[in-house]
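Asker: Those protein sequences? They're chains Z and B, same order as listed.
Take the position in the first sequence, starting the count at 1, then add 1410; the result is the number in the working numbering.
Take the position in the second sequence, starting the count at 1, then add 1410; the result is the number in the working numbering.
Rather than coming from a laboratory, the hints here were simulated on the basis of the structure.
You can't tell identical chains apart in this list, so a pair holds if it fits in one copy or across any two.
Straight-line distance between alpha carbons at most 16 Å, and here's what the computed EDC-like set of lysine to aspartate or glutamate pairs gives:
1. K1595 to D1431
2. K1688 to E1698
3. K1827 to E1424
4. K1625 to E1936
5. K2062 to D1993
6. K1752 to D1525
7. K1595 to E1503
8. K1753 to D1525
9. K1518 to E1748
10. K1827 to D1484
11. K1625 to D1673
12. K1827 to E1448
13. K1738 to E1535
14. K1850 to D1977
15. K1775 to E1803
Chain by chain, the residues:
2 protein chains.
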Amino acid sequence: MTLTEEGRNRVAIEGVRPEIDCGRFAIKRVTGDVVEVEADVFADGHDGIRCRVLYRHESEPEWREALMEALGNDRWRGVFPVSVLGRYRYTVEGWVDRFLTWRGDLRKRIAAGQDVRVEALAGAELVEEAAGRAEGADRDRLMEWAAILRAEAAAEERNAPALDEELAEVVSRYPDRRLATRYGKELAVVVDAERARFSAWYEVFPRSCAREAGKHGTLRDCEGWLPYIAYMGFDVLYLPPIHPIGRTFRKGRNNAVTAEPGDPGSPWAIGAEEGGHKSVHPELGTLEDFRHLVEAARSYGIEMALDIALQCTPDHPYVREHPEWFRKRVDGTIRYAENPPKKYQDIYPIDFESENREELWEELKSIFLFWTGQGVRIFRVDNPHTKAFPFWEWAITGIKEQYPDVLFLSEAFTRPKVMARLAKVGFSQSYTYFTWRNTKEELTQYFEQLRETELREYLRPNLWPNTPDILPEFLQAGGRPAFLIRLALAATLGASYGIYGPAYELCENTPREAGSEEYLHSEKYEIKQRDLNSEWSLKEFIARVNRIRKENAALQSDEGLHFHATDNPLLVCYSKARRGGADAVVVVVNLDPFHTQRGWVTLELERLGLEEGVPFQAHDLLSGARYLWQGRRSFVEMSPESTPVHILRFRKRVRTEKDFDYYL
Amino acid sequence: MTLTEEGRNRVAIEGVRPEIDCGRFAIKRVTGDVVEVEADVFADGHDGIRCRVLYRHESEPEWREALMEALGNDRWRGVFPVSVLGRYRYTVEGWVDRFLTWRGDLRKRIAAGQDVRVEALAGAELVEEAAGRAEGADRDRLMEWAAILRAEAAAEERNAPALDEELAEVVSRYPDRRLATRYGKELAVVVDAERARFSAWYEVFPRSCAREAGKHGTLRDCEGWLPYIAYMGFDVLYLPPIHPIGRTFRKGRNNAVTAEPGDPGSPWAIGAEEGGHKSVHPELGTLEDFRHLVEAARSYGIEMALDIALQCTPDHPYVREHPEWFRKRVDGTIRYAENPPKKYQDIYPIDFESENREELWEELKSIFLFWTGQGVRIFRVDNPHTKAFPFWEWAITGIKEQYPDVLFLSEAFTRPKVMARLAKVGFSQSYTYFTWRNTKEELTQYFEQLRETELREYLRPNLWPNTPDILPEFLQAGGRPAFLIRLALAATLGASYGIYGPAYELCENTPREAGSEEYLHSEKYEIKQRDLNSEWSLKEFIARVNRIRKENAALQSDEGLHFHATDNPLLVCYSKARRGGADAVVVVVNLDPFHTQRGWVTLELERLGLEEGVPFQAHDLLSGARYLWQGRRSFVEMSPESTPVHILRFRKRVRTEKDFDYYL
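Same shape as in the complex, but just chain Z (with noise of 0.2 Å):
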């Protein structure tokens, strides 16, 4: 080991939070945000020492610097501002501070009594150095205090100003730092636009819109539909792909083997004729036509997302033209997808270790920058799992270069780590196991893992209760008050959730069969005409649901999420609250889409900004209903049909007689 020149850094770095595997990949966060910074900072001996948070956008050249506090136990704490989309760095930086451990030696030498002046001559020497480092009004203040030291240090007694904090809080600003300690690492920040953070989906089949019964619905057909999902309070429009369909073994209605003639094939069979994932489906319209989707749905307050599903049909362009970008079989044939023994013949995946790599990558990098030029700023990434890692970290990377405010969804259902792996890479959003997660030990455990753990630095769920492919049994056996349940606890439980409708909010619920998850004529093979007037309709709940999340802050991050006991298993309850219990929200929901339950609530008023010995009123926002509510536990009784849940919120003040003017 070599005697290097850090050998006289003292301080020593370590525990830097947040910091993912190493540094290895960047937290994220949203314009507007925060970043708490907390290390482990210290040095050997009874020195004083001080530290700061160097941060800058990647922009900038120069470090920014944020003070860190003291928290006990040698745990430092400093908070930056991230504003700008793009990527910002930090670090930690530490030192000995010699003017802090006199200031505070002086301080105990002046209690004991002791005679100080050789130490007032010593400050004067820290405080003239420090002037050496200043400029200005603060060089003559310095000078002028390193005087008045001098003068006490001549002096036959000691006087008040050496301990002055003002001027000690004027020579902290002009450390001497050439001993600093700077933590090893540069710790990245993704900042995203802020519906990275808060966001609605609703995904519709566009060839679903169309008026008439029987046609092919369009681009433009769904261009109507935008007032109907603007009024339910959707921000995010995500339509399965828009691509030409292969022909070449196109499945049939209920994913038959074989097609029959007239059935439109799945819109994840990419490729065809017409052209490849740069292409929209001839009977959807143009590019035009979905330009001007886009700018409509702009205009309601709605962003498009598009999703992109990285598989080939044996008619797409890129298996003519590029053959080696697929894996082959020992016949020479490209090899269709398969999870033995099931076989998809009319998917041909492809092979991210090609050794034509380079130009692949590129290519399909290519393909989301082709729909960022058409308007494109979301994207839903169908099966991320199954493509290399090392491709989403670089495509998402570079793609994000270009446009930081471009978001991805993961549509990865599929073990934890790998999930994790994925946001870690770069996706913005990620599905969830919420999809299967009924009861409350089920849902308390989930979603405080996602809080409590280091995910939340980097993988922000979106809750989907149904999708395309899956209808889970809680729908499919609980009628209509499941999907009040699930889409209540998916819109509160998580910041951004999803639906897929109409099919959700019209309660479909058929499954192909029994123990399936599959819709039964599911929408994947055929189209749909449906009636959005239907009385079944939960078009107005999710309104409402959609207008609280809107008008409540609380419910517009994952942060505050905390659960509260009930003495109901069938009761779950929680809170989400802004730092120090503001803005609290409280949502009850009965987990039984069949019976009434009643039971007692246990909140922990702490952290709802609520005191113990006052009452306060509660307001369902959902119901418009009042209750008066004293301490801790609180009794609710909630049927199915008619009051599945509560979102509440506090008025803390109730009148009283002391707000009457004559009171006294």
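Position chain B relative to chain Z; hints supplied.
Answerer: Relative to chain Z, chain B alone:
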């Protein structure tokens, strides 16, 4: 972001443990240990993957490999042995194994009754590729197998050998690792001598070893104590500094500011005209005497530990020769040690930030090397937390490169993170807060923290119930039973422990004043003469406890410590056991030195290798008593005078009628 070659490496490796501060620091083991490495290893998609731990002693150029096995949830574990002193490196490598994928898929295809002839051909290619990487007999067998597969591919029907386990095993030895992912860091293990893990220390002032009262003891006198120390079963003899003691500002008895004539001064006031850190105090003897003592001790199985305190009196040769190694006050004098308002004018601390740092550091390191040259293999370092961490890291690493069997004990009683840092930078063992942990809750909490956090990988506790500086309140108040209790706790909670004797075995417990932890008539400032054969002496008890330690492997490591419940807060119960409960020892201690305590102990039998339904014999190794117990709960009654402690081993098998040979 550029498109790098690693982009084809699809396997991700995360969460490698153990790993200290992202690999910045080494973990610690002793020769004969194994290192268990865990990691999350996974790839996109459904391919089979394999992974291995790579490891090597730093003296070896080539990696060795250990297979990792899947633990579920993408977690893998591998184990490697460390048999040679010094440093090992380890890392993890994982790769997509196409043969594994092929074989898994084939099994499913066959189960589904599919035609697998084309798959047999694909398998033949993979086996031929493996053969290309193999040699000798393996190569021949693989080629034969490939031929069989090719025949199958051409045949009418599949047959069994395609899934042959043994051949799969041969293939697995020759994987295609061209696209393997290597974990980015090479982590380090420091492998120490076994004594780093298991040691019993005895601290004695050699100047108090004289046979005649009133005489200054010598190193030769100290040799006369070896039989006594060996009888008690200690294997490390630790001497306070043996260097010339300064005269300027020498402290008198009871730390008086002025010494009286004849006062010997503190051994930690190092340096006089007779020499400094590389000299022996003339009244103790010569360097030759010291070497003789080292050898004599070794003949008793006792290793010498020398105290190194890097500080100087004003009389130390360094002060004259290298005034630049010390801080100056503004008046140009050298700064003495202070902890304001306290002043230690007899001590000059060393300035580790000195401009002449290189020369200073080399000289300080050479102190250790000097004593290593005299046969010392263990250093107890005084107050390392007041010296720069980078110095320790550089010095210890350098010394251990030359002498990998040298051990360093950190005498730091300071804040938790500073203590941990000293262990990280290289100290082999550490003083702990055990000295002040007395209640069941304190002990449980503290030892669980030491064992169940990352600390266990690098901080080896050495437990001291007393030191020349610290006579804890518990010993002051609790009389002889307190000494029994604290010794038993130290010796069984810690694989390494030590006492400051003979103050300990003679139960000296008078503080300098009420509320002080200093000894009255502290041996730090005067020479003692004691009666080692006092009837008060705990020497027999200590000898018994140390014998039990030597006879019970579980007590020789801190690994298997576990606390068991008791229903009396004054009774603490814990076990130490090897893997799977082997060689379990259960310790029950009455923490109350004043009263008999009774209560129920609830043993977690599965940790002790015991079964619920079978009676077992509990054998108290201390008293020799035997108890017949059954089930989890057992009653104990413990008197502070006669049975403050049980150290139990269990005989699982109790004789029954079935042991008669005429049974049945």
